[in-house]
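Undergrad: Line by line, the protein sequences are chains A and B. Just so you know, the numbering used here puts 166 at position 166 of the first sequence, and the rest follows in order with no gaps. Just so you know, the numbering used here puts 32 at position 32 of the second sequence, and the rest follows in order with no gaps.
These are computed hints drawn from the structure, not numbers from a lab. Incorrect hints may appear among the rest.
[Stated by the list, open to error] Some but not every residue of chain A turned toward chain B, in silico, with C-beta under 8 Å:
no., residue
1, R365
2, A423
3, V449
4, A451
5, Y514
Just so it is clear, the structure is predicted and the values come from calculations on it, not from any experiment. Just so you know, even glycine gets a beta-carbon here, dropped at the ideal spot from N, CA and C.
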Amino acid sequence: MWCPDWPVVAAGLPATVPAAVLANGEVLACSPAARVEGVRRGMRRRDAQARCPELRLVERAPQVEAQRFDEVLEALEQLTPGVAPIRPGLCALRVPPRYYGGERETAAVLAERIVELGVWDVRCGVADGAFAAEHAARRALTQDVWIVPPGGSADFVGELGIDVVEDAALADLLRRLGVRTLGAFARLSRADVRTRFGDTGALLHRLAQGEDPRPVARRQAPPELVAGSAFEPPLETSEAAVFSLRTTAEQCVAQLAHHGLVATAVRIEVDSGDTTVQARTWRHPAWFDAAALLDRLRWQLAAGASAGVPGPGRRDGHSPGRRDEYRQGIGAVRFVPEETSAVAEHADTLFGSGPDAQVERGAARVQALIGPEAVQALRTQGGRAPADQVHAAPWGERVAVARPAERPWPGQIPAPAPATVFASPRPASVAGAEGQRVIVTTRGAVSAVPAHFRVGAAEPWQQVAAWAGPWPVDERWWDEASARRVARFQVVGVDGQAWLLVLDGDTWFTEARYD
Amino acid sequence: MARLEGRPVDTATVPVHPALAGLLTPRAGGVYGVDAASLALTLVSGPSAAGSWCGVVGCPDLGLAAAREAGIDTDRLVAVPDPAELWWEVVAALVDTLAMVVVRPPARVPQRDAARLAARLRTRQCVLVVWGEWPRCDGRLSLVSSQWSGVGHGHGHLRSRRAVIEARTDVTVSRSREVWLPGDLGQLGPVEQPSGGGAGPRAVDGTELQLLRGAS
Chain A
1 MWCPDWPVVA AGLPATVPAA VLANGEVLAC SPAARVEGVR RGMRRRDAQA RCPELRLVER
61 APQVEAQRFD EVLEALEQLT PGVAPIRPGL CALRVPPRYY GGERETAAVL AERIVELGVW
121 DVRCGVADGA FAAEHAARRA LTQDVWIVPP GGSADFVGEL GIDVVEDAAL ADLLRRLGVR
181 TLGAFARLSR ADVRTRFGDT GALLHRLAQG EDPRPVARRQ APPELVAGSA FEPPLETSEA
241 AVFSLRTTAE QCVAQLAHHG LVATAVRIEV DSGDTTVQAR TWRHPAWFDA AALLDRLRWQ
301 LAAGASAGVP GPGRRDGHSP GRRDEYRQGI GAVRFVPEET SAVAEHADTL FGSGPDAQVE
361 RGAARVQALI GPEAVQALRT QGGRAPADQV HAAPWGERVA VARPAERPWP GQIPAPAPAT
421 VFASPRPASV AGAEGQRVIV TTRGAVSAVP AHFRVGAAEP WQQVAAWAGP WPVDERWWDE
481 ASARRVARFQ VVGVDGQAWL LVLDGDTWFT EARYD
Chain B
1 MARLEGRPVD TATVPVHPAL AGLLTPRAGG VYGVDAASLA LTLVSGPSAA GSWCGVVGCP
61 DLGLAAAREA GIDTDRLVAV PDPAELWWEV VAALVDTLAM VVVRPPARVP QRDAARLAAR
121 LRTRQCVLVV WGEWPRCDGR LSLVSSQWSG VGHGHGHLRS RRAVIEARTD VTVSRSREVW
181 LPGDLGQLGP VEQPSGGGAG PRAVDGTELQ LLRGAS
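Could you put together the complete structure from these sequences and hints?
TA: Structure follows, in structure tokens:
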């Protein structure tokens, strides 16, 4: 079964509109309407737009393609067992000999089912092997089937041009050697082909002879890893829920371990009444064990109770015994593993690493006291302002640092870094010798030499002993909402203390202190 | 055995940064006060560089980039920027598992709570570094003066600092020393004696400040 232009179909674009899916700035696939206009695969974005100005362009989303094709596979599996996906848009399956009455009838039934899903362009090919069947499907018309008779694969494949070989370098070489069809290639001696082209060539040679040594591997349905339990009657307190879910959490971890997996991200869903009132994805820097799952559940329930969305109960750390209720109680809780990885990848952390496990427990205790977000793991990241160079993530969450520190950050203040970086900058004032305001012009010049400054609204004025700057920063000028145009100064007072002041527009702030 | 009986165990010393070696020898289970962020960072860098886990409670202002420059392993740092009204509970929980905890104390520190925390520190062999005032410290580090160089009038940038650090403990008289905090190459260390007379790095642009400030 072949669905042409799958990336376009998966993007949800109608076939009548000229549309193309781009990957790395090149056209990966285009709709038939776009093909009529002259858009071709491998074309650059600008060339494609030049051919067809009303072309709709979409970036490639491999995840969506795979997900949409999974729906197709599931539909096919309901009709016939043993569907083998080859890539999104293409799958192979064995034709049941008599159940639907024959090959043509089977193809019609399957095609109809796929069209019901809204994929109108589907083509079937029937042959002895998957390779021949794929090319038979390419020859078929929309919603039609092309049948290669049994034993006719060699003849059918032999007629194909050498261009169908996916390995472009090999196809080019064969063309230059004078081999123009797969039939001509098939007539070469098997030993010669293996000597000259190795295993890849040998496999292609067998395919060209109408054999298909690759077995059609049927898809294995993904195992069900979701664990949960329902409460009847609904539970009133979160403590009771956490207590009753201990075995469920252990079950969930054991189930994963049975498949040789550990969960690195888990979504916890809490039902109250008939609706899911809370669903949150938790990520773990290593992997979840039962205790970690229960911790996350406890935090989630506590957060839900204090946010007041589902229930009026508010939890404050002083009275852990207080009842925090959902309006209709906690009806059901489910652990849904969202990301898993093989146990072997975590072998070094499976046995705990002594003090680190102890630290994890200590941090978890503090998180239970004041909330999961209050304990942070700090990472350095790139940035121009001293405060931007810290990336604080909740402890126990795996968060990728968005801005690598290794990149150049023009406008960054050179080392040493200030030891105190104010979490919220304080209003400051800087004046020239005659008391005039000091600002920086658009060209980066200072309007007056700073002579006096104060680092806070309530601080006394003092004389500038030395100063350096400005370090102008013109950040995100392309985006009006987040654009920021500031200039930083290092100022040393007569008392010997050094400060980092920043001029944002015409307002001065104290950003950091070198103490 | 001593730990089981609740008696203070034989107090071990904690690794200390070379810049402070001989000036202050922190003992496990002690409380040490500092009056500047850079001194807190220098104290933490000792155990952190030796691979211990450290914590920071209630100091959202501590500069992480400076911490890295001081030699602190930020991957082994647990930060609780805002413990709110649960300050004592959070500090007590972290003291149980970490080697050194830096805190910014709440406005009022009752003597009784401080004594109770000190007992816990001794049994857990954790060092508390207090950035601010504390009723009873085993030692205090204070920045007596600092003298920045490298910055002129509209040119250069802050490059190095000569600071005089004074250490006071309850058993020794106060000692002071002149250190690079940091030096021209980003290093932290004592200024070689004799100071002055051309020894030690000089600012490239020749501008220097000879300014002292009193202990704050």
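Undergrad: Against which earlier hints does the structure fall short, listed by number upward?
TA: Hint 4 alone not satisfied by this model.
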